[in-house]
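Asker: Here is what each chain is made of, one letter per residue.
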Amino acid sequence: MEIMTRDFGKVDIDEDKIIEFPEGLPGFKQEKEFVLLPLEKDSLFVIMQSVNNPDLAFITIEPKSIIKDYEFEISEKTETLLEISGIEDIILLNIVNIKEKLKDMTINLAAPLVININANLGKQVILDDTKYPVKYKLDKTESKEMMS
Amino acid sequence: MLILTRKKDEKILINEDIKVTVVEIKGNKIKLGIEAPDEVEILREEVYKSVEQENIEATKESKVQLNQLKKFGKKPDTDEE
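For the protein sequence lines, the chains are A and B, in the order given. Numbering-wise (my numbering), the first sequence opens with residue 5 and increments by one. Numbering-wise (my numbering), the second sequence opens with residue 447 and increments by one.
Bear in mind the hints are in silico, worked out from the structure with no lab data behind them. All figures in this text were calculated on a predicted structure; none of them were measured in a lab. Every residue, glycine too, gets a C-beta built ideally from N, C-alpha and C. Heads up, some of the hints might be wrong.
Pairwise CB distance ranges (calculated) [what the hints assert, rightly or not]:
id: 1; chain 1: B; residue 1: 462; chain 2: A; residue 2: 44; range: 16 to 26 Å
id: 2; chain 1: A; residue 1: 35; chain 2: B; residue 2: 476; range: 29 to 39 Å
id: 3; chain 1: A; residue 1: 44; chain 2: B; residue 2: 457; range: 53 to 63 Å
id: 4; chain 1: B; residue 1: 474; chain 2: A; residue 2: 6; range: 49 to 59 Å
id: 5; chain 1: B; residue 1: 474; chain 2: A; residue 2: 137; range: 23 to 33 Å
id: 6; chain 1: A; residue 1: 76; chain 2: B; residue 2: 514; range: 36 to 46 Å
id: 7; chain 1: A; residue 1: 16; chain 2: B; residue 2: 484; range: 14 to 24 Å
id: 8; chain 1: B; residue 1: 465; chain 2: A; residue 2: 27; range: 18 to 28 Å
id: 9; chain 1: A; residue 1: 27; chain 2: B; residue 2: 476; range: 26 to 36 Å
id: 10; chain 1: B; residue 1: 491; chain 2: A; residue 2: 135; range: 12 to 22 Å
id: 11; chain 1: A; residue 1: 14; chain 2: B; residue 2: 484; range: 42 to 52 Å
id: 12; chain 1: B; residue 1: 484; chain 2: A; residue 2: 135; range: 20 to 30 Å
id: 13; chain 1: B; residue 1: 474; chain 2: A; residue 2: 45; range: 30 to 40 Å
The calculated lysine to aspartate or glutamate pairs, modelled on EDC-like cross-linking and capped at a C-alpha distance of 16 Å, are [unchecked claim]:
id: 14; chain 1: A; residue 1: 81; chain 2: B; residue 2: 503
id: 15; chain 1: A; residue 1: 105; chain 2: B; residue 2: 492
id: 16; chain 1: B; residue 1: 516; chain 2: A; residue 2: 66
id: 17; chain 1: A; residue 1: 139; chain 2: B; residue 2: 492
id: 18; chain 1: A; residue 1: 81; chain 2: B; residue 2: 487
id: 19; chain 1: B; residue 1: 506; chain 2: A; residue 2: 11
id: 20; chain 1: A; residue 1: 81; chain 2: B; residue 2: 484
id: 21; chain 1: A; residue 1: 141; chain 2: B; residue 2: 487
id: 22; chain 1: B; residue 1: 516; chain 2: A; residue 2: 19
id: 23; chain 1: B; residue 1: 516; chain 2: A; residue 2: 46
id: 24; chain 1: B; residue 1: 516; chain 2: A; residue 2: 143
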């Protein structure tokens, strides 16, 4: 099916790849269907585009490409909601907030997008804990590593 | 809003399976203990609000040049040698 996207114009998507967020996302409770579109081949960034709202898209990144040891527990509620049967079902993405300057970008580590890639179900999990900030800023080394 | 007065160690029952206990009262701080089934999500409101705010902000500031972003983050193992 064809959808209109914010960043890539019209895109032909596979309906089987639509990820359902049964609860929506905080701030976007009505938005329940998204697709993941890599920014380009080999990019660390993935655009999470709303299927029904062309203007709504999030720039996301896999946390493992920024920090080591990103760890949290997935609650039973989330496991049930996302029909998770094992760690191999899960991919993690974190929403990137980009200001005027790219180097000032922050990454929301406090609320990862947990996606069961085998069942196409997702939820933005809020880690109610002070370990990871909502606005995580890349330090110089991390920025360099990403740019190299 | 339903307003109830409780003393230290007193509890409130919600739906019979959610129990909120006033654990400690100290100045303007109250410690609450919450017992609830696993499927009940419990969050401090400001944490939820900050995520909500951050999501909205993240979609607003989308004016960045995607070309710039493309240069910024490449998977290291796929770099051409």
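Asker: If a hint holds in the structure, say so; if it does not, say that too.
Answerer: Status of the hints after comparison with the structure:
Distance hint check for residue 462(B) and residue 44(A): the Cβ-Cβ separation is about 54 Å, which falls outside the suggested range of 16 to 26 Å. Taking the beta carbon of each, residue 35(A) and residue 476(B) are about 35 Å apart, inside 29 to 39 Å as hinted. Restraint check, residue 44(A) to residue 457(B): a C-beta distance of roughly 56 Å satisfies the suggested window 53 to 63 Å. One distance hint, 49 to 59 Å for the beta-carbon pair residue 474(B) and residue 6(A), holds here, with the actual separation near 56 Å.
A hinted range of 23 to 33 Å holds for the C-beta pair residue 474(B) and residue 137(A), which are about 26 Å apart. For residue 76(A) and residue 514(B), the Cβ-Cβ distance of about 31 Å falls outside the hinted range of 36 to 46 Å, so the restraint is violated. Roughly 41 Å separates the CB atoms of residue 16(A) and residue 484(B), a value that falls outside the hinted 14 to 24 Å. The supplied range of 18 to 28 Å is met by residue 465(B) and residue 27(A), whose beta-carbon atoms lie about 25 Å from each other.
At roughly 29 Å, the beta-carbon separation of residue 27(A) and residue 476(B) lies within the given 26 to 36 Å, and the hint holds. Distance hint check for residue 491(B) and residue 135(A): the Cβ-Cβ separation is about 19 Å, which falls inside the suggested range of 12 to 22 Å. As the Cβ distance of residue 14(A) to residue 484(B) is approximately 43 Å, the hint placing it in 42 to 52 Å holds. Checked against the hint of 20 to 30 Å, the C-beta distance between residue 484(B) and residue 135(A) comes to roughly 21 Å, which is consistent with it.
The beta-carbon spacing between residue 474(B) and residue 45(A), approximately 55 Å, falls outside the hinted interval of 30 to 40 Å. A C-alpha spacing of about 28 Å is found between residue 81(A) and residue 503(B), which places the hinted pair above 16 Å, so the restraint is violated. Restraint check for residue 105(A) and residue 492(B): not satisfied, since their Cα atoms lie roughly 28 Å apart, outside the 16 Å limit. Distance check on the hinted pair: residue 516(B) and residue 66(A) sit about 15 Å apart at the alpha-carbon level, within 16 Å; holds.
Distance check on the hinted pair: residue 139(A) and residue 492(B) sit about 15 Å apart at the alpha-carbon level, within 16 Å; holds. Between residue 81(A) and residue 487(B) the alpha-carbon distance is near 8 Å, which keeps this suggested pair within the 16 Å criterion. In summary, the hint linking residue 506(B) to residue 11(A) is supported, as the alpha carbons are separated by about 13 Å, within the 16 Å threshold. For the hint linking residue 81(A) to residue 484(B), the alpha-carbon distance of about 6 Å falls within 16 Å, and the restraint holds.
For the hint pairing residue 141(A) with residue 487(B), the CA-to-CA distance comes to about 28 Å; that exceeds 16 Å, so the pair is violated. Of the supplied pair hints, the one linking residue 516(B) and residue 19(A) is violated, its CA atoms being roughly 26 Å apart against a limit of 16 Å. For a cut-off of 16 Å, the pair hint linking residue 516(B) to residue 46(A) stands: about 9 Å separates their Cα positions. Only pairs whose Cα atoms come within 16 Å are accepted, and residue 516(B) paired with residue 143(A) is rejected, the gap being roughly 19 Å.
Checked against the numbered hints listed earlier, the structure breaks hints 1, 6, 7, 13, 14, 15, 21, 22 and 24; every other hint is satisfied.
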